[in-house]
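Visitor: Sequence:
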Amino acid sequence: MQSSSNLFPVALISAERRGDLSEDVYRLKPGNSPDGTVELAVTRLGMADEPSVRGVPVILLHGSFSNRRFWYSPKGLGLGAYLARAGFDVWIPEMRGHGLSQRNQNYRKNRVADYARYDLPAIAAFVREQSGQVPHWIGHSLGGITLAAALGGQYLGEPAVASAAFFGTQVSRTYWPLKIPPVEWSGRFILKRFAQISGSRLKRGPEDEPIGLALEGMRWYGLFGRFGDAEKDWWAGLAEVQVPVLGVSATSDHQDPDWACRKLFDQIGSEHKQFICLGREQGFSDNFGHVEMLVSKAAQAEVWPLVQRWLTDPQAPLLAGKPDLATAV
137 MQSSSNLFPV ALISAERRGD LSEDVYRLKP GNSPDGTVEL AVTRLGMADE
187 PSVRGVPVIL LHGSFSNRRF WYSPKGLGLG AYLARAGFDV WIPEMRGHGL
237 SQRNQNYRKN RVADYARYDL PAIAAFVREQ SGQVPHWIGH SLGGITLAAA
287 LGGQYLGEPA VASAAFFGTQ VSRTYWPLKI PPVEWSGRFI LKRFAQISGS
337 RLKRGPEDEP IGLALEGMRW YGLFGRFGDA EKDWWAGLAE VQVPVLGVSA
387 TSDHQDPDWA CRKLFDQIGS EHKQFICLGR EQGFSDNFGH VEMLVSKAAQ
437 AEVWPLVQRW LTDPQAPLLA GKPDLATAV
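Following the working numbering from start to finish, the sequence shown increments by one per residue and tops out at 465.
These are calculated hints, taken from the structure and not from any lab test.
By construction, the Cβ of each residue, glycine as well, lies at the ideal position given by its N, Cα and C atoms.
Hints should not be assumed to be uniformly reliable.
[Stated by the list, open to error] In silico DSSO-like pairs for lysine-lysine, Cα to Cα no more than 27 Å straight-line:
(1) 433 with 339
(2) 399 with 368
(3) 433 with 328
(4) 433 with 245
(5) 245 with 328
(6) 399 with 211
(7) 339 with 328
(8) 328 with 368
(9) 339 with 211
(10) 165 with 368
(11) 339 with 245
[What the hints assert, rightly or not] If you anchor each label on the Cβ, the simulated ranges turn out as follows:
(12) 265 with 337: 25 to 31 Å
(13) 183 with 317: 20 to 26 Å
(14) 318 with 268: 52 to 58 Å
Starting from the given sequences, assemble the full structure and let the hints guide the process.
Guide: Quick look at the structure:
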């Protein structure tokens, strides 16, 4: 089968009409990481009746225990579908072993470091090739962490990123037991016996996560841990990021609290950045939660239009005339 890309082998594995939307699913085989079996599924959404009309590209990165359905339901609902109907060229990758992406040979060892260093640059290159434009990026939870790692590690830069939005994203929450070396060592010893963590068993989501992510997180939060890998300090690298940035937290997000999301936002060096907390005290109709900030009727009414406004002009104040709602730098 002829490749859909001149960069690396890409196959169009599905091309369907979903109501008023077109849904094309590509399978990418970048071959750029030590594990040559890595394949990534990327879904492209557009308007079915206007297949040749493509707007500004937007890449949506799902969080842990999740897949493309966080952004786009089988019934055609979600932020991804909303943005496609608003005229954007929407791309939804699924990380290794999630959704339509097959589990790679070294699945259990997958880490954010691999996603950030190998997978996101390959996705960026493919989207730029197909769209002819520099994409905007939106990450939720672990998707945002991966995006932050790619930016801080300088695996992605201005040629590949028009703007970056982080929803419920932080790496500063303290897990005090992990600061005690014997506890961390014991935890590592136990976790290494498993290949993955079950999202359904823990009632966290439909997907599993490789144990490599948990081990990597334990290192970040350990006594002398840092947000980075053996080669690069991603946290320090965030200070060099200059693309427009949007940070969003939620008042009732207990997994990634507001103060921790703000800390990551403050570390980013961009001159053009804005921060919003979604809560009643800030003027919103509800105290949003970790998932509800993007997947709820309230999010559809209040958050999705803000995202559209941000993507239209990342340097314009999102909540002009309401300084109590947004912090602009």
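Visitor: Each of the hints needs a verdict: does it hold here or not?
Guide: Results of checking the hints against the structure:
Taking the CA atoms of residue 433 and residue 339, the gap is near 22 Å; set against the 27 Å cutoff, the hint holds. This hinted pair checks out: residue 399 and residue 368 have alpha carbons roughly 20 Å apart, not beyond 27 Å. Between residue 433 and residue 328 the CA atoms are separated by roughly 40 Å; this puts the pair beyond 27 Å, and the hint is violated. A C-alpha spacing of about 37 Å is found between residue 433 and residue 245, which places the hinted pair above 27 Å, so the restraint is violated.
The hinted pair formed by residue 245 and residue 328 meets the criterion: a straight-line CA distance of about 10 Å does not exceed 27 Å. Distance hint between residue 399 and residue 211 is unfulfilled; the C-alpha atoms sit about 37 Å from each other, more than 27 Å. Taking the CA atoms of residue 339 and residue 328, the gap is near 22 Å; set against the 27 Å cutoff, the hint holds. This hinted pair checks out: residue 328 and residue 368 have alpha carbons roughly 24 Å apart, not beyond 27 Å.
At most 27 Å may separate the alpha-carbon atoms for a hinted pair to count; residue 339 and residue 211 meet this at roughly 23 Å. Between residue 165 and residue 368 the alpha-carbon distance is near 26 Å, which keeps this suggested pair within the 27 Å criterion. Restraint check for residue 339 and residue 245: the C-alpha separation of about 23 Å stays at or below 27 Å, so the hint holds. A C-beta distance of roughly 39 Å is found between residue 265 and residue 337, which places it outside the suggested range of 25 to 31 Å.
For the pair residue 183 and residue 317, the supplied restraint of 20 to 26 Å is violated, since their beta-carbon distance comes to about 55 Å. Between residue 318 and residue 268 the CB atoms are about 55 Å apart, so this pair conforms to the stated range of 52 to 58 Å.
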